[in-house]
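There are 2 protein chains.
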Amino acid sequence: MAATFAYGSSAYLVRCCSMRENIDMNNEQQLNSSIKVNGSFRNPVKVDSLSLTAEAASTLSQAGSVAENGQQRQNIPTKKQLVDPYRQGAIVEGGVVYRQNVVIRSYEVGPDKTATLESILNLFQETALNHVWMSGLLSDGFGATHGMMRNNLIWVVSRMQVQVDYYPIWGEVVEIDTWVGASGKNGMRRDWLIRSKATGLIFARATRHVKENFPYILRVNFLLIYSYLFTDLDFYLPNSTWVMMNRKTRCLSKIPEEVKDEIFPWFIEKQAIKEDAHEKIVKLEKEAKYIVSDLKPKRSDLDMNHHVNNVKYVRWMLEAIPDQVLESHQLSGITLEYRRECGSSDIVQSLCELEEDEGLHDIVKKDYDTSLLNGFTSEIVKGNGVLACLEERPMRYTHLLQAKGDKQYQEIVRGRTTWRRK
Amino acid sequence: MAATFAYGSSAYLVRCCSMRENIDMNNEQQLNSSIKVNGSFRNPVKVDSLSLTAEAASTLSQAGSVAENGQQRQNIPTKKQLVDPYRQGAIVEGGVVYRQNVVIRSYEVGPDKTATLESILNLFQETALNHVWMSGLLSDGFGATHGMMRNNLIWVVSRMQVQVDYYPIWGEVVEIDTWVGASGKNGMRRDWLIRSKATGLIFARATRHVKENFPYILRVNFLLIYSYLFTDLDFYLPNSTWVMMNRKTRCLSKIPEEVKDEIFPWFIEKQAIKEDAHEKIVKLEKEAKYIVSDLKPKRSDLDMNHHVNNVKYVRWMLEAIPDQVLESHQLSGITLEYRRECGSSDIVQSLCELEEDEGLHDIVKKDYDTSLLNGFTSEIVKGNGVLACLEERPMRYTHLLQAKGDKQYQEIVRGRTTWRRK
Numbered sequence: 000m001a002a003t004f005a006y007g008s009s010a011y012l013v014r015c016c017s018m019r020e021n022i023d024m025n026n027e028q029q030l031n032s033s034i035k036v037n038g039s040f041r042n043p044v045k046v047d048s049l050s051l052t053a054e055a056a057s058t059l060s061q062a063g064s065v066a067e068n069g070q071q072r073q074n075i076p077t078k079k080q081l082v083d084p085y086r087q088g089a090i091v092e093g094g095v096v097y098r099q100n101v102v103i104r105s106y107e108v109g110p111d112k113t114a115t116l117e118s119i120l121n122l123f124q125e126t127a128l129n130h131v132w133m134s135g136l137l138s139d140g141f142g143a144t145h146g147m148m149r150n151n152l153i154w155v156v157s158r159m160q161v162q163v164d165y166y167p168i169w170g171e172v173v174e175i176d177t178w179v180g181a182s183g184k185n186g187m188r189r190d191w192l193i194r195s196k197a198t199g200l201i202f203a204r205a206t207r208h209v210k211e212n213f214p215y216i217l218r219v220n221f222l223l224i225y226s227y228l229f230t231d232l233d234f235y236l237p238n239s240t241w242v243m244m245n246r247k248t249r250c251l252s253k254i255p256e257e258v259k260d261e262i263f264p265w266f267i268e269k270q271a272i273k274e275d276a277h278e279k280i281v282k283l284e285k286e287a288k289y290i291v292s293d294l295k296p297k298r299s300d301l302d303m304n305h306h307v308n309n310v311k312y313v314r315w316m317l318e319a320i321p322d323q324v325l326e327s328h329q330l331s332g333i334t335l336e337y338r339r340e341c342g343s344s345d346i347v348q349s350l351c352e353l354e355e356d357e358g359l360h361d362i363v364k365k366d367y368d369t370s371l372l373n374g375f376t377s378e379i380v381k382g383n384g385v386l387a388c389l390e391e392r393p394m395r396y397t398h399l400l401q402a403k404g405d406k407q408y409q410e411i412v413r414g415r416t417t418w419r420r421k
Numbered sequence: 000m001a002a003t004f005a006y007g008s009s010a011y012l013v014r015c016c017s018m019r020e021n022i023d024m025n026n027e028q029q030l031n032s033s034i035k036v037n038g039s040f041r042n043p044v045k046v047d048s049l050s051l052t053a054e055a056a057s058t059l060s061q062a063g064s065v066a067e068n069g070q071q072r073q074n075i076p077t078k079k080q081l082v083d084p085y086r087q088g089a090i091v092e093g094g095v096v097y098r099q100n101v102v103i104r105s106y107e108v109g110p111d112k113t114a115t116l117e118s119i120l121n122l123f124q125e126t127a128l129n130h131v132w133m134s135g136l137l138s139d140g141f142g143a144t145h146g147m148m149r150n151n152l153i154w155v156v157s158r159m160q161v162q163v164d165y166y167p168i169w170g171e172v173v174e175i176d177t178w179v180g181a182s183g184k185n186g187m188r189r190d191w192l193i194r195s196k197a198t199g200l201i202f203a204r205a206t207r208h209v210k211e212n213f214p215y216i217l218r219v220n221f222l223l224i225y226s227y228l229f230t231d232l233d234f235y236l237p238n239s240t241w242v243m244m245n246r247k248t249r250c251l252s253k254i255p256e257e258v259k260d261e262i263f264p265w266f267i268e269k270q271a272i273k274e275d276a277h278e279k280i281v282k283l284e285k286e287a288k289y290i291v292s293d294l295k296p297k298r299s300d301l302d303m304n305h306h307v308n309n310v311k312y313v314r315w316m317l318e319a320i321p322d323q324v325l326e327s328h329q330l331s332g333i334t335l336e337y338r339r340e341c342g343s344s345d346i347v348q349s350l351c352e353l354e355e356d357e358g359l360h361d362i363v364k365k366d367y368d369t370s371l372l373n374g375f376t377s378e379i380v381k382g383n384g385v386l387a388c389l390e391e392r393p394m395r396y397t398h399l400l401q402a403k404g405d406k407q408y409q410e411i412v413r414g415r416t417t418w419r420r421k
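The listed protein sequences derive, respectively, from chains A and B. Counting from 0, one number per residue, gives the positions in the first sequence under numbering that gives the first Met the number 0. Counting from 0, one number per residue, gives the positions in the second sequence under numbering that gives the first Met the number 0.
Hints should not be assumed to be uniformly reliable.
Unchecked claim - Mimicking DSS-like on lysine-lysine, the simulated pairs with C-alpha atoms at most 30 Å apart in a straight line are: (1) A/297 / B/297; (2) B/297 / A/406; (3) A/297 / B/421; (4) A/295 / B/421; (5) B/196 / A/295; (6) B/295 / A/421; (7) B/406 / A/288; (8) B/288 / A/285; (9) B/297 / A/421; (10) A/196 / B/288; (11) B/295 / A/403; (12) A/79 / B/196; (13) B/196 / A/78; (14) B/295 / A/282; (15) A/295 / B/285; (16) B/297 / A/295; (17) B/295 / A/285; (18) A/196 / B/421; (19) A/297 / B/282; (20) B/403 / A/403; (21) A/295 / B/288; (22) A/406 / B/403; (23) B/295 / A/295; (24) A/282 / B/297; (25) A/297 / B/285; (26) A/295 / B/406; (27) B/403 / A/297; (28) A/288 / B/297.
In case anyone wonders, no lab produced these hints; they're calculated from the structure. Just so you know, these numbers come straight off a predicted model, no measurement behind them.
Use the sequences and the hints to build the structure in full.
What follows is the structure in C-alpha cells.
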C-alpha cells in the first residue's frame, strides 16, 4: 500500500539494507542537533513550566536513548489504529478508507481567502501519509511498508490528476477521504476526496493512477530514483504512472507477494475521478507562447532528498500563465507527468500554451465569415450562442518544465491545467 | 487584542468604512468563482455521495445567499468560545490563554525531518488568529476586532523574535500556547510557547513586543500601510515595534477606549521570552560578506495584499547564509525588524554578515600569539578551553533585505539569526 498510500523517500530507502542502523542514525543526527545545547536558555524566562522543561530536556538528552526518543516522539503505530484524535483521523468504510477533518489554515489561503492548489496538494500528501501511519504498515521514513523495506523496494510516482470544483475557504472545516485500489494486474491507484464537513459538498477530487505495463524500460541504471508523493522521475517512463523498483539494482519490479499481502487488503473499488489518462500531454516546443526562463531552485525549495519539491513545480508551471487569465479564471484541474528530477543547480524554463479547440474555433469563424458575407450576424453568433459558449467554456493550457542542459533542454514535468471563468 | 492576537489585512481594512459591503463583495467574488460552474463534473465519477453533492451545490449557488454562505462556511464565533474541537483549541489559564494541539505535518518538515522555521512561523500566525477567532472579537478579515473596524484602525507590526530550543519532528504532537499582554503605557505584546504534548518540554518561544513611543513619526501620508502578523512596513519607524493607526488619515493612534475595552480583559503578565530589544540590529552596508542579489518575488509569494509574504523574507534571509554554516549549525533564534514593504516588482538583495565577538577573538589571538612567542601552546588554548568555547558558542548573523531603488537600495527588513552547532 505504502506508496500509493503515501510516498517513500530514497533518503531513507537508499540505506534500507541496514535500516535499523539508519533509523538510529537519522534520529540521532536529528536529535543531536536539538539536544547538544542542553536546555539552557540564553535569556531567563518567566514561564511556569520551566522546571518541567528542564526535567524533560534532561530525559531527552540521556545518552543512548536518542533514537528511542525519536521513535517515541513520532509514535508511529505498529498495528492498525482506527482513530487518531490529534490528527482527527479515522479508518472508515469497511476499515480501509482514511478520513480526516481539516480546518483550512490562515496561511493556506491566497489573496481571495480560498485555499491554494498548493495547500490542497499538501493536504493530499499529509492524509496519504496519515493513512499509512494508521495502517500500522509504516516502517520509517515517508511511506514505505515493512515489506517494501525488506525487499529494498521504493515507489516511484509519475502521474497525478487533481480536479477542484470548489475551493475551501479560510476557517472552513473539510473532510478528506483517501483510499487505494487496484488498477489492472500490477497497478495501483490512490484517490482523494475533499468535501465540506458541514454540507457534504465535494470540493476536490484527485487520483494517482497506476499502469502495469512498462514496455520500454526494464532496467534503469545510473539513475538516482526516489519516490515521492507526486515525485520527480529521473528517467523517461512512457505510459506508466506508478513504478515499484529495487533501489539497488534499479530494476523495475512487480509487487512482491510479501508486499501484496500487506497492501491488497486495503484495496477497494471506488474512483474519485475519471482520469484523462488517454489524453496525451503533448510536449511543448521551445516556440511556446508563454515562457518564463531562468527559474532557479532556492535552498528552501529542496526537500529531504535535496531535490526540488513537487509543489514548487506547480508554482513554476503557474508562473507562465498570463496575468489576465489568472485574473479572469480559476484553476479547476491539473495533471502532472513527471519525467526527470530537478536538481538544486538546474536552471529551469517554464513553458505553457493555450490548447486551441480547433473544431469549435472553425465553426465560429465559418459562421462569422458567412455572416459578414451576408451582411448580418448569424443567429448562432448573435444570440450569445457559440460566442458565449466560447467565453464560458474552460480553457486548457499545456505546460512543460525543462532544465537547461549542455546541448538541449531536458524535460522535468509535462502538465495540463484547466481553467474556468470566475 | 486583535493584532497582537493576530493580524489585520489592509485588503479588507482599507475598505472598512463600508465593511459590510466589502465582506459581501469579497465573499461574492470568492464564491462566484467556485460556483459558476454549477456542480457539473466534466467526468462522471463513481462516488456514493454524489447526490448529496449536487444538492449542496444547488444550495450554495442560490442567488443572494452567497455572502451568507461564506459566513456560514467560515462560521466565525460571535461570542467567546472555550473549546473548538476541529481546531483542537481551547481557552485556558484563567480564560485568556489560547492553547492548541498541533501534529507536525509531513510537508512542514525539512530534509532532517524536523519542522522548518517557516512552519513554526506559520503555526504562530495560525494560533494567533485562532485566539482572536475563539475570543468572539474577530470582525472579519485577518485579525481586527469589531472596535478596530468601527474606528478604522489597523495594526502594523514591525518586530518579531523567535527562539527555538528544540525543533519538533514529523508526526510529533505539540501544544502551542499564545496570549497577549500590556507593554508600557500604550504597548502590547503577543507571546507564544510551543511544547511537547508528551513531555511538556518547551521547544520554542516567541514574542512580538510593543513599544509605546513613536518619537519620529506622527503622520505617515502617501504610504500604503497594512498590518500582518509580522508585517512589512511601508515606512521607517524607529524604536517602535507595534503601531495602531487610522487607515484613512494615516495618523498613528493610541488604542481607543472602545478597543481597550475589548482587548484589555485578555491581557496577562507572562513572558515567553526575554527580548533582545535593546540590542540594536545594525544596518549592514553593501560591503557585507555574503550577498545574494536579484531575488524576485514570484506570484505565489504574494499574499492577499499582493505583497511579499513574511515567510518569504525569512527564506531570502537564510539564502545568504553560507552552506557550511547550514550544514554544521542549526538556527536557534531569529529577530526581524520590518522597515518597508516589498512589492511584486521589487528586485531584492539579501545581505548577511557574521557578528564577530571582538573581545573573545582578541583574547584567543593574544593567548595564541603569546604561546607562539614562548614556543608552547598555552593551557587555555590547548585544553580545549577557549578554542572549544569558540567552537561551541552560538554564531550570530546580521541580515538585511533591501530593494533596488532608482538611486539607492531601500531597507525592507533587518534581521538577526543565531545558530548553534548541530
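Given the proposed pairing of residue 297 of chain A with residue 285 of chain B, does the C-alpha separation stay at or below 30 Å? Status holds; Cα separation ~22 Å.
Would you mind confirming whether the straight-line C-alpha gap from residue 297 of chain B to residue 295 of chain A stays at or under 30 Å? The hint holds at about 12 Å.
Does the structure keep residue 282 of chain A and residue 297 of chain B at a Cα separation of 30 Å or less? This hinted pair holds, its Cα atoms lying about 25 Å apart.
Measure nothing beyond the straight line between the CA atoms of residue 403 of chain B and residue 297 of chain A; if it is 30 Å or shorter, mark the hint as holding. holds (20 Å)
For the pair supplied as a hint, residue 297 of chain B and residue 406 of chain A, confirm whether the alpha-carbon distance does not exceed 30 Å. Holds. Residue 297 of chain B to residue 406 of chain A sits at ~28 Å (cutoff 30 Å).
Would you mind confirming whether the straight-line C-alpha gap from residue 288 of chain A to residue 297 of chain B stays at or under 30 Å? holds (20 Å)
Within 30 Å, alpha carbon to alpha carbon, are residue 196 of chain B and residue 78 of chain A? holds (22 Å)
Is the Cα-Cα distance between residue 196 of chain B and residue 295 of chain A 30 Å or less? violated (39 Å)
Holds or violated: residue 406 of chain A and residue 403 of chain B, Cα atoms, limit 30 Å. Since the Cα atoms of residue 406 of chain A and residue 403 of chain B sit roughly 34 Å apart, the hinted pair is violated (cutoff 30 Å).
Residue 295 of chain A paired with residue 288 of chain B [C-alpha distance capped at 30 Å]: Given pair residue 295 of chain A, residue 288 of chain B holds - Cα atoms ~22 Å apart, limit 30 Å.
Going straight from one Cα to the other, do residue 297 of chain A and residue 421 of chain B come out at no more than 30 Å? With Cα atoms ~22 Å apart, residue 297 of chain A and residue 421 of chain B stay inside 30 Å; holds.
For the pair we were handed, residue 297 of chain A and residue 282 of chain B, check the Cα-Cα distance against 30 Å. Cα-Cα ~25 Å, so holds.
Going through the hint list in order, the structure does not satisfy hints 5, 7, 8, 10, 18, 22.
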